[in-house]
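K.L.:
Sequence:
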Amino acid sequence: MVVLLCPQEEPPEYKLSNVKTDVGIFWSRGDQFVPPANVRELIKDLGPLVKKNHFIDDPYYTHIHFAIALNNPRLLYKDLLEFLDQYATSS
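Okay, so the sequence shown: first residue is 1 according to our numbering, each after it adds one.
Check each hint, because a few of them may be wrong.
Stated by the list, open to error - Ranges between beta-carbon positions, derived for each pair:
no. : residue 1 : residue 2 : range
1   : Ser17     : Asp58     : 13 to 23 Å
2   : Pro7      : Tyr87     : 29 to 39 Å
3   : Lys52     : Thr89     : 33 to 43 Å
4   : Asp79     : Val19     : 18 to 28 Å
5   : Leu80     : Asn38     : 29 to 39 Å
6   : Pro48     : Asp79     : 18 to 28 Å
7   : Gln8      : Asn71     : 35 to 45 Å
8   : Asp57     : Glu82     : 16 to 26 Å
9   : Pro59     : Thr89     : 33 to 43 Å
10  : Ala37     : Ser17     : 28 to 38 Å
11  : Leu70     : Lys15     : 36 to 46 Å
12  : Pro7      : Asp85     : 38 to 48 Å
13  : Glu13     : Asn71     : 27 to 37 Å
14  : Leu70     : Glu13     : 10 to 20 Å
The set of hints was computed from the structure by calculation and includes no laboratory data. Backbone N, C-alpha and C fix where the C-beta goes; we use that ideal spot for every residue, glycine too.
Produce the entire structure from the sequences given, and follow the hints as far as they go.
P.N.:
Next comes the structure, spelled out in structure tokens:
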């Protein structure tokens, strides 16, 4: 399926200049799919749009842990929900 959407080996680079909204970055030292050097570059490129930079300094906390780790309430959820609450609209 991905080959149909992006026939070249490397996907095209996304134009970060198109990003116009606040961004929260949640990342970890152990993420094997998004290396810390890439995240630091993304944060630098997005500049003041990065309103939340949440780093989990654990070499064993990998990409999948963001979805399934039992310690997410302590390591992730509080900061994630605080970030999202800033943008919630009251009804």
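K.L.:
Now tell me, hint by hint, if it's right for this structure.
P.N.:
Each hint tested on the structure:
1. Ser17 <-> Asp58: 13 to 23 Å: violated (33 Å)
2. Pro7 <-> Tyr87: 29 to 39 Å: holds (36 Å)
3. Lys52 <-> Thr89: 33 to 43 Å: violated (18 Å)
4. Asp79 <-> Val19: 18 to 28 Å: Cβ of Asp79 to Cβ of Val19: about 21 Å, so the range 18 to 28 Å holds.
5. Leu80 <-> Asn38: 29 to 39 Å: At roughly 20 Å between Cβ atoms, Asn38 and Leu80 fall outside 29 to 39 Å, so the hint is violated.
6. Pro48 <-> Asp79: 18 to 28 Å: Hint holds: Cβ distance 19 Å, inside 18 to 28 Å.
7. Gln8 <-> Asn71: 35 to 45 Å: Distance hint for Gln8, Asn71 holds at roughly 38 Å.
8. Asp57 <-> Glu82: 16 to 26 Å: holds (19 Å)
9. Pro59 <-> Thr89: 33 to 43 Å: holds (38 Å)
10. Ala37 <-> Ser17: 28 to 38 Å: Once the Cβ atoms are compared, 21 Å apart, the range 28 to 38 Å for Ser17 and Ala37 is violated.
11. Leu70 <-> Lys15: 36 to 46 Å: holds (38 Å)
12. Pro7 <-> Asp85: 38 to 48 Å: holds (41 Å)
13. Glu13 <-> Asn71: 27 to 37 Å: holds (34 Å)
14. Leu70 <-> Glu13: 10 to 20 Å: violated (36 Å)
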